[in-house]
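Chemist: Each chain, written out:
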Amino acid sequence: MVLVLIAVTTLNNAWPAFRESGLSFVTSRQWIPNEGKFGALAFIYGTAVIAAIAVLLALPVSVGIALFVTEVAPARLRTMVVAVMDLLAGIPSVVFGLWGILVLAPNIAALYNWWSDLVEPIPLLTKLFDHTQTGRAFFTAGLILALMITPIITTITREVFATVPRNDKDGALALGATRWEMIKGVVFPHSIGGMVGATMLGLGRAMGETIAVALVIGSTPQIVANVFAGGDAMPAVIANQFGEATGVHRSALIGLGVTLFALTIIVNVSARTVVRRVDVRLRGLA
Amino acid sequence: MSNIPPTPLAPRPTVAPATEADAAPSPEADTDSPPVFETKQLSVSYGSALAVADINMYIRRGQITALIGPSGCGKSTLLRCFNRMNDLIPDARVEGTILYEGLDLYGDDVDPIEVRRRIGMVFQKPNPFPKSIYDNVAYGPRVLKMKVDRMDDLVEQALRRAALWDEVSGKLKKSAVALSGGQQQRLCIARAIAVQPDVILMDEPCSALDPIATARIEDLMVELKQDYTIVIVTHNMQQAARVSDITAFLTAAVNEATGERHGELVEFAKTATLFTAPADERTEAYITGRFG
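Protein chains in written order, with my numbering: chain P, 13 to 298; chain D, 576 to 867.
Treat the hints as calculated values from the structure; they're not laboratory data.
Since we're looking at a predicted model, the values are computed, not measured.
Where hints are given, some of them may not hold.
One side of the interface only, derived from the structure: several residues of chain D facing chain P at Cβ under 7 angstroms [what the hints assert, rightly or not]:
no.: 1; residue: Arg-692
no.: 2; residue: Pro-716
no.: 3; residue: Val-718
Positions of the beta carbon are idealized from the N, C-alpha and C atoms, including for glycine.
Chain P on its own, in the form it takes in the complex (with noise of 0.2 angstroms):
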């Protein structure tokens, strides 16, 4: 119901944007509030961009850390490193924000740099890891994301791995499977909705965070392969020019809102099927 509310609202308050462009606030990068021209594609772009390298980036640490602390941590250990993800849980985006462009951005350009010449053979990596002169890019974005949305993917995987029934386990390994081969018979396959539940939560979040990326990010639409090239993204577009934006450009940004909301329902839409599918075929469940 709310939902519905909000939905409506949104959309009612983007329209003016919505007429104006047409199609062509999805297809065209060009975003020129002076010339009001409110092509959004850029910040698509940017979007999908860092938080597929966040979830990227997250999914298989945050897998690691939960099956490390359900399947070998021994109980102390167990403990720690559950404290250190609720406290890392905690700590507030801007946070992260400030210490990615304090910290992280000005020091991992040569980082970048070190990486592009490594690659620079190798044609189609080069594209994606080209050089660059500054930190603030959509690889430091997604690399903050990653950061933040960590201990939520891990929580809920790890509280997934720790329902996975003693005797099913105990199953693979009186056959002399592997703890790692139990993991992948069983722990995964048995969890696998929860998983993609996890990674959706974090996409989402990774998706939606505003004020850590517009710090990080670099506020240049663009649209390139290079992942170390600055970048920009809905959100934080929104909350850059959202304080001095009046009529169509304000609608416009409003527009992004809808946009992002949109994309939200579809990833989370598709991942829903994803996982009914694998489960339909694991389980036989109708």
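Use these hints to put chain D onto chain P, whose structure you have.
Modeler: The following block gives chain D in isolation, referenced to the frame of chain P:
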């Protein structure tokens, strides 16, 4: 094997004369099959709590050995020593020795993974993987990277041996979780057979099943003992009487000093003897239903 098996009633010297008086053959008297397992002064504790103490027994090849006794007597704990599943419980400690084919099962150079490959296990609650029937059976051979000419044949063979083939041959790609409880348990047996084990341990394999499914599993056990040595833990005395060759009766003994309970072996004899002429009064009390 040069080891002389421990006397079946070792922990209770008082019962030995009774056995002689009855002229009941001790388990090893008329059988020459060598022991697969031999336990010597085997004790298991969880943390500081003793679970079972001083078990001296053996398991003979090609026979079904039943472990019976009241709840909490350590039957399952004892069973899980034979494939080192107790290793997986963080503070479990095993003392004494278990010899498998004369080899110390808990020796430093023994790989528990290899132990579990040779000594299969079927659990109380059927625990098929959330995969297809086919993949359940093929899981073990794949994980162990067994050299298999044709996986299809191996799967079929294992399912046939587990008396499940006729029921599932048309739906091998269907999820195993959709099978009935009895079928799931037979699938778990097929899964254990597929890795070609030497021994199959069964931990109350029928306790979650109805009488018809139970009867099928029991028939299956008797068939399987041609090829495998089977050790079964059961709550059901009739089941032990029906299927096993040798029965070990365990009970929970109370330590007078501390008041703590731990399991110990009371009597270990041929099933026919144990159920008709028990040597120990505690066994008699248990099998006649006066206790436990």
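Chemist: Against this structure, judge whether each hint is valid.
Modeler: Against the structure, the hints come out as follows:
1. Arg-692: It holds, given that the least Cβ distance between Arg-692 (chain D) and chain P is near 3 angstroms, below 7 angstroms.
2. Pro-716: Status violated, d = 9 angstroms.
3. Val-718: Hint holds; Val-718 (chain D) Cβ to chain P Cβ min 5 angstroms, cut 7 angstroms.
Checked against the numbered hints given earlier, the structure breaks only hint 2 and satisfies all the rest.
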